[in-house]
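Colleague: One-letter residues, chain by chain:
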Amino acid sequence: MNIKLTTPAAVAAALATLLAATPALAADYAQAAGSTLAFASRYDGELFTGRFPDFDTRISFDPAHPEAGRLEVTIGLASAVTGNADRDSTLRTADFFNVAQFAQARYTASGFRKLADGQYAADGTLELRGVRKPVTLTFTWTEGTQPVLSGKAVVKRLEFGVGGGDWADTDTIPDAVNISTRVVLKPL
Amino acid sequence: MSLKNTAERWGSVSQLLHWTIAVLIILIGVVGLVMGELPRTPKYFWVYTAHKSLGLTVLALVLVRIAWRLYAGAPVPVPGTPRWQALLASLTHAVIYLLILAMPLSGWLYDSASGLRPFRWFGLFQVPKLAAPDEALAATSHGAHELLFWVLLALVAGHAGAALYHHFVQRDATLARMLPRGWIPAPPAKDSE
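The listed protein sequences correspond, in order, to chains A and B. Residue 139 in this note's numbering sits at position 139 of the first sequence, with consecutive numbering throughout. For any residue, its number in this note's numbering is found by taking its place in the second sequence, counting from 1, and adding 1000.
Source of the hints: derived by calculation from the structure; they are not laboratory data. Just so you know, these numbers come straight off a predicted model, no measurement behind them. By construction, the Cβ of each residue, glycine as well, lies at the ideal position given by its N, Cα and C atoms. Check the hints yourself; a few may be wrong.
Here are some chain B residues pointing at chain A (derived, C-beta under 8 Å) [as the list claims (entries may be wrong)]:
1) Arg1040
2) Arg1065
3) Ser1114
4) Gly1115
5) Pro1133
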């Protein structure tokens, strides 16, 4: 945009253009320290939780215009830790994340919805193990110098082939895996 | 045959407990050494459950055995046993008792601290956890479980070797009196008897 602010009319026109283009004002953020991405499931009824220390978030978001928001998360699957080295190494095998072939998962969404309870929802796409399926992330947004996105999602593991074969029995490992994240954001 | 132990012989209760526990420990030891090589999928988890279930069974049997021994006593060393040998044997027995308590307990603690899945004794009832999931505690208890196994193996080898020495070299009743009468030929009477 090349606007010459030579006359009051030109200034007014420029301001009007900027206002009309409000979505473009959606601020861009990158992930800051203190962010977490966690998951929870059960084995034979026994709860366990895990984290992906290696994940990265980029978001473009203006609470006043959620429909213009964009989100992109990359997750290093090999980083998954669950407090048990045997379980962690099993998660990296071909039966689960197959990190040798698919090192990263990606979640992308554009155009968020504002929900009645004040939360937002992103109807995005998760690409995991070479499979792309819709996954909805519901989140709250806390303003600040470093805004915080706190979100939850449910991922059906079997849609992505996570824990197939001998592990497919949902009486042992439920299909639905609960994801929760808290992303601290710094303006770009 | 007497149920209770006498000064000369182990009674049938002590014999049954001794040999049942011995066979179970050999079985558990073999399973424990090879199960780590199995593919880590639910198809083979029953092997781990069997190892743990047999281990807790041994724990219960050892408690019964110690209680029975306190109640029923133990035979005295065969005549002519040097004092240092009798002391060494008693010490070995005491440490083996401690180890066969510590083995299932350390395994149970390892299972608890691992927090991988619930443990049901032979699939029948859920065994309580001794600790919350804790990676450091799991590593420590696993290390202890392995180390104590090798110590136990060494002591059991010495214990069995001593029994065979008594039977074949000393030709005394030390081994025969831990077996039902007539199972192995009674050692020929010695001059001292």
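Colleague: Decide, hint by hint, whether the structure agrees.
Modeller: Structure-based check of all given hints:
1. Arg1040: OK, holds: Arg1040 (chain B) within 8 Å of chain A, min 6 Å.
2. Arg1065: violated (32 Å)
3. Ser1114: holds (6 Å)
4. Gly1115: holds (6 Å)
5. Pro1133: With a closest approach of 6 Å, the Pro1133 (chain B) hint holds.
Consistency with the previously given hints fails for number 2 only.
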